[in-house]
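What follows is each chain in one-letter form.
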Amino acid sequence: MPSLSFLHAPDGIVSMPIMIAMWVVTGVVVAIAVRRTNQTLDDRVAPLLGVMAAFIFAAQMFNFPVFGGTSGHLLGGVLAAVLLGPWAATLVMTAVVAVQALLFQDGGLVVMGANIFNMGIVGTLGGYALYRVLAGILGGEQRARLPAAAIAAWTSVVGGALAMTIQLGASGTVPFEIALPAMLGVHVLIGIGEALITVAALAFIGVTRADLFRLRDTQAV
Amino acid sequence: MQTDSQRTTPRRRGWVLGALVIAIIIVVAAAFLASGDPDGLERVAEDTGFLDAAEGSPFSIIADYVFPGMDGPMATIVAGVIGVAVLFGLLWLVGRMLARRRGAGPAPR
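Protein sequence lines correspond, in order, to chains G and S.
Be aware that the first sequence starts at 123, since it is given in the working numbering, and climbs by one per residue.
Be aware that the second sequence starts at 29, since it is given in the working numbering, and climbs by one per residue.
Warning: the hint list may mix true and false statements.
[Stated by the list, open to error] Here are some chain S residues pointing at chain G (derived, C-beta under 10 angstroms): (1) Gly46; (2) Ile52; (3) Ala59; (4) Glu70; (5) Ala73; (6) Gly77; (7) Leu79; (8) Gly123.
[Claimed, not checked] Chain G regions said to be covered by chain S (calculated; three or more residues, Cβ under 8 angstroms): (9) 193-207; (10) 282-291; (11) 302-316.
Treat the hints as calculated values from the structure; they're not laboratory data.
Glycine included, every Cβ here is placed at the ideal spot set by N, Cα and C.
Construct the complete structure from the given sequences, taking the supplied hints into account.
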């Protein structure tokens with residue numbers, strides 16, 4: 123299907139062993155996320171999981187132009203993790219990717235494990251870990267929430283793209299050294315959009331419902 | 029019993045509804061304004077020559093965010109609203125199932 127258009131990786135571009143390996147890792151991490159969420163999630167946060175999933179789905183439909191006939195869209199993992207905590211955010215991202223593949227034929231079914239790994243694990247758990255480190259360095263989450271989230275959001279997109287590139291290279295789809303500059307060149311710019319939208323959404327929540335930021339940390343950890 | 033935990037509850041349905049309205053507005057805006065250009069991965073697939081390796085789905089429900097039998101922005105809006113509703117409902121249920129009742133008690137820590 124040469125005219126196929128896609129936002130997430132379709133089937134056919136990642137080799138079977140890599141796709142299986144990604145399913146195994148993703149399955150383990152999502153199982154941990156379910157368990158951790160079950161241990162820590164406050165029932166007041168439940169509607170926010172739904173809101174965040176709906177928002178990320180909608181925002182991912184909004185492709186913004188980047189340069190030279192290329193577009194990008196929100197990932198949303200860092201945004202979700204800052205508000206909901208990393209484990210619940212992983213479940214949100216997993217569900218978004220799954221619904222996009224099953225209902226909207228966006229992203230392949232067999233490669234779904236890799237898509238969840240790249241966006242829901244690298245982009246979300248990895249992005250959140252970086253966010254916490256940066257927030258600590260920059261003087262605490264209260265003061266440094268937006269700058270830390272901006273850098274983490276940018277890095278989450280670049281990191282997810284890097285993971286995808288490694289999978290493509292390991293699959294023999296495209297030589298790693300050819301894919302790497304192309305993927306990073308585009309996603310370095312898409313990451314700027316990610317940082318802007320993440321900061322705008324967090325600033326909006328900060329103005330309208332700053333108390334929601336406390337929900338994550340009042341959950342038992 | 030006006031406690032801190034009550035104040036941090038997403039108030040009534042107001043904020044949740046407002047956030048869903050924002051999601052729908054984004055869907056409508058996307059239907060009219062979103063860039064039709066290939067996204068980062070698709071562009072790289074084109075440029076480095078593996079686009080043809082992409083396989084379509086064995087089935088089609090609301091492929092490409094276009095509701096079947098409709099066309100124009102409305103098809104995208106209907107598709108997007110369905111996606112927003114499905115994901116909100118799904119994750120709200122998952123949250124309800126996984127969450128433990130803590131809101132009523134004193135906040136831990």
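Tell me, in ascending order, the numbers of any earlier hints that this structure violates.
-> Those not satisfied: there are none.
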